[in-house]
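Engineer: Read off the chains here:
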Amino acid sequence: MTKVPELHYTPQMVPMPELPPEQEANRLHYLNHSYGIFSWLLTVDHKRIGLLYLVSASVFFLFGGLAVALVRLNLITPTGAILELDQYNKAFTAHGTIMLFLFLIPVIPGVLGNFLVPMMIGAKDMAFPKLNLLSWYVWMAGAMFFVWQLTVGGLDTGWTLYPPYSSKYSHTNVLYAGLGIFITGFSSILTAVNIIATIHKMRCPGMTWSRLPLFIWAMYATSLIQLLGTPVIAVTIILLATEKIFGVGIFDPALEGDPILFQHMFWFYSHPAVYIMILPGMGVINETITCFSRKNIFGYKAVAWSSVGIAVVGFLVWGHHMFLAGQGYYLGLLFSILTMLVAVPSAIKVFNWSATLFKGSISFEAPMMYTMGFLVLFTIGGVTGLYLGVLGSDIHLHDTYFVIAHFHFTMVGGMLMAWLAGLHFWWPKMTGKMYSDFWSRLAAVVAIVGFIMTFIPQFILGYNGMPRRYPNYAPEFQFLNILSTAGASIQGIGYLMPLFYLPASLFLGRKAGGNPWMATGLEWQVPSPPPMHNFDTTPVVYYGPYEYSMPNGLEQLEKAGMIFSDEEPNIAHAGLSTPEVIRGS
Amino acid sequence: MFAAIEIPTVPPQASEFAATYDLFFWYITAVILAGAGVVFAMLIAFSYLYARRTPTDRTPRILGSTKLEMLWTGIPFVFFMSFFVFGFKIYNDQLDIPDDAPEYFVAGKQWMWKMQHPDGQREINELHLPVCDQRDASGKLTDPGIKMSGTSEDVIHDFGIPAFRHKFDVVPGRTITVGYKPTLIGTYHIFCDQYCGQGHSQMVGKIHVLSKADYAAWKEGTFRLPGKNPVDGSPAWEGRKLFLKLQCNSCHNNEASARAPQLSGMYGTNRPLEDGKLQKFDDEYIKRSIRNPIAQVAAGWKSIMPAYPVDKVDEIELRNLTAYIKSLKNTDKLPDRTELAPAPVGAPVQPSPGAAAPKP
Amino acid sequence: MAASTMTQEAAPVAHHFNNMLQQQSTVRLGMWLFLVTEVLFFGGAFCAYTGYRIWFPKEFEAGSAALNCGIASVNTFLLLTSSLTCTLAIRAAYKNNQFGIKLWLLATIVLGTVFLGLKGREYHLDYEEGLIPTSRTIVVQEKQDDGTYLPKERSQFAENVTKVLKQEGYKTEGVYMPRVQLFFVFYYVMTGLHVIHMIIGIGLLSWQLTLAQMGFFKHPERYVYIEVMSLYWHFVDMVWMFLLPLLYFAGPHTLEQAIGQFQMAIGLASGHHE
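Protein chains in written order, with our numbering: chain U, 1 to 585; chain H, 1 to 360; chain D, 1 to 274.
Calculated from the structure, these hints are not laboratory results. As the structure is a prediction and not an experimental result, all values here were calculated from the model. All C-beta atoms in this analysis are idealised placements derived from N, C-alpha and C, irrespective of residue type, glycine included. There could be a bad hint or two in this list.
Stated by the list, open to error - Below, simulated DSS-like cross-link-like pairs (lysine-lysine); rule was C-alpha separation at most 25 Å, straight line:
{"#": "1", "chain 1": "U", "residue 1": "359", "chain 2": "H", "residue 2": "67"}
{"#": "2", "chain 1": "U", "residue 1": "244", "chain 2": "H", "residue 2": "109"}
{"#": "3", "chain 1": "H", "residue 1": "109", "chain 2": "U", "residue 2": "168"}
{"#": "4", "chain 1": "D", "residue 1": "218", "chain 2": "U", "residue 2": "130"}
As the list claims (entries may be wrong) - Okay, the calculated bits of chain U under chain D, using three or more residues with CB under 8 Å as the criterion:
{"#": "5", "stretch": "51–59"}
{"#": "6", "stretch": "165–172"}
{"#": "7", "stretch": "256–262"}
Take the sequences, apply the hints, and build the full model.
Structural biologist: As structure tokens, then:
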């Protein structure tokens, strides 16, 4: 029997032993086993593909941030400080489309999903490694084409592309921009197929559905939504393109069409799309909050099923974007009730996370600071959504800055904070280096404070009626706009800081070791950076994912003669749920 | 640094719906502040109480509690349903438009709002409405309010009035009807609330809620906000057109050599007639002066005005002319003598033949 | 189910799988997941079509009556048969019948290509009859009640469709002709997307045929790749089975019409529809 190290938590599998320093320096892992640009561009290793996504998603995040800098600077004065009307319209459209399609939707599934899903379930790679690489190329092709279209002519329809404006009246590259988005949609679908197949078919022995880390549950739910929703936006773009190219009237009332049909089809994808964005973030929070409070997640089943519940009910609420569009009285009623229903699982999650902190042992490194920021800001974002989901209160707030504040609280205060939490949590695993504790905590504080200063004034602006997408506004709104822009500048600094200390850690940071955070997941039981095929022997899982409170469980099992960590276990029939190898929790 | 730092807090409650809306809004706010407050209190308390003390702290193995799960599923659900019910009720109430409400019409187009009143007055980017102030014994509003039907001529716009807490999308190819019951006299914003292109932020306007009397006068064209013309389509507007068509301005104009008295600011005053009596400058006097001018000539002026019997100026036209003259304030100028027939460029301005009569 | 017992060595398993069973099972799941996305893709177009059809039943009926259902009927037969041949290819692969694999894959490709050829001919005939949705208008001289002629601007498309329907003997009273254009937009978009999927399918089948030629399927465990190919092909077939009634059966057609249209399509009869 292998000697199990002294632990004050119980990992899901027997940890791989750390090598002594002189062997560690020569160890081959996924970063150094091959060199050269083509070993990266033609890799099928899910970890390298995750890093490819990391670099490209970060670049697109900067583009989106540049666009919003233009927007917010322009809003300093009521008559527009730096941009013409057309330029402003292109700037806010660029901000919206880039942030949504080229950052929020792909970032966690592409980076953390690709990197971690196989490791967390004990597999050697994703189900379809070559498809994984194709997915990245398709995404890059669509994204680069799209950004090129934004630069050579711009797009000024807003990310929502409503006809008849987008089909008949806009003078910008709607067609080609739509083509770019269409292409990136394929990447979404391929990634989703890969993740679902991997989770179903490639779990290691002992990894039953109820022992999966909640990040995996979240990625599974996200992939379900991507699978079902993305094709509908694809066909919607095709119909819009047909209308533009051939001058026919699918959505144009002058030619017998109906513009509301576009809105239905568009929002049928775009509402679940926001759940594609937030669910992976929630998945990350599960991992960080358990690790940094050293406690089991409160209510595993509730959190797991609420992810699936959000995914399912999220497909039934798209009409709450169209309460005032003329969709019909009974439809409005139905969508409003269902929206109230979809709010419940998110509330359950927030309460469960808060309860996880109870009687824990909490430390506040950067991942945890971002996690706490998430909890506060996502709660505010979620509850302000209630105003918008109810028929009566949406009338006044629709298409005002209230909506903008709401979705930025959930997307930025929620998802972006969760992404940063995840990036900082798994950075040592991905790179083997630890970043500066001081600078990372400072960046978190700056970002969160800046965020609050940016968006709380926008709730007030929205309630007072300031509409969205306005380059000029009524003079009485100026002070709040200036406040918001000031906050945005601070926020921007907070997001730029990781661009410095994270790469710096690659050269100046101390070596992180296999498990710097003392976490329980499978990915933490291998050295950092992980080996080429993740695990030297197939892991066998004995416990659920968050056994922080049950120290030395492995030792107890060992004493009972129930762990055989030297042998290759007899792997049960592939494709089926692996039978319980050990009676665990 | 700033002359006055203006922080708008709550827009004026200018309609009946606005009052109920705000009640609902603050109810939701109270509930969510309480709920979020519970969460924040937990986060703060736990962060302080359970901060890590040693690297090897032991924590209890708490897996969950079905009772708590049901509690914090059930309680939010009940509150969310209360939001839905309350919201649905006020949504329904504002959809309830009485049949006898007068019908107004708004058309949005890139990038302006065109409004039309039931009696034909037309406005662009402005809307004048009468206030609803009839209440019954219990204080409930009995005014039917107004009915507004809207459509778009090109892309989707949205007619939004924050002071009424109301907006609705105007969609090309469809007409949507809503109802307003303005309850507070004042001027408020109209915003376009659906992105419609370059001029989306220029597509703003003003809604003026007037007292019922002022509104009636405005409709006629005699009530005007300073510096404005009588509204398109009103009797006074028609009267002005007729004033020019009949060339009344060839004598009744602003020049020193005018052959006829000034009319601005005359309405309601007492003017001396030829025979020394004082005549009140009212509607009847105006009409008589048009029909049969030699019967009462203003003091100091020659009796040279031609008569306009009913075959030259019919009753409706007479009413319109009267409305126009009535609408002329002290600060308004009569149309120039050459408004319809300007002199050639460079021609000297000739005084008209006839007496240089002193202005009254 | 066990692979057939042959004396050759087992097929190599991909590096990230533990055994061939897991690999096969995963590949199958992957294709099913992809087909779910395709269902949603076509489903979106179907839902939009259905919405308009509920609102404008007369116009959609008229539009359907103007379609060439002779070609559609023959195409249906071809496509269903190709699904059969594709399934037979799986069986051949499972039984390690190399000739059979190539035969049935080729048969599927041929049937699919004939389908595409006939579909192309159908599009060409539609083009000749002027049934392409357009916003162009023409000026027609409309005879007034008093015998004089007044120029009126009419939709070009509406004129063309009226002419075609009159030849079919379809009564066009109460049908608002410009709206029939909506039906045709959906006809072209939906059948066009179907054609694109068929072209991709034929491409993949040809690739598999090449692989078979190179001996890839000498390992019978690799039947699963032909199975997922045929899953895709069956799906394309299923989409057609939905398109057929939605588009072609919305309006009335008779057997004589169908036969006449098909004969005309392949050049056996001359000139106009029967």
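Engineer: Determine for every hint whether it applies to the structure shown.
Structural biologist: Hints versus structure:
Between residue 359/U and residue 67/H the CA atoms are separated by roughly 19 Å; this keeps the pair inside 25 Å, and the hint holds. Of the supplied pair hints, the one linking residue 244/U and residue 109/H holds, its CA atoms being roughly 21 Å apart against a limit of 25 Å. Only pairs whose Cα atoms come within 25 Å are accepted, and residue 109/H paired with residue 168/U is accepted, the gap being roughly 14 Å. Simply put, residue 218/D and residue 130/U have alpha-carbon atoms about 23 Å apart, close enough for the 25 Å limit, and the pair holds.
With 0 residues having a beta carbon nearer than 8 Å to a beta carbon of chain D, the stretch 51–59 of chain U misses the requirement of three or more and the stated coverage is violated. For the stretch 165–172 of chain U, the stated coverage by chain D is not satisfied: 0 residues place a CB nearer than 8 Å to a CB of that chain, which falls below the threshold of 3. Requiring three or more residues with a Cβ within less than 8 Å of a Cβ of chain D, the coverage given for the stretch 256–262 of chain U holds, as 4 such residues are present.
Of the numbered hints stated above, those contradicted by the structure are hints 5 and 6, listed in ascending order.
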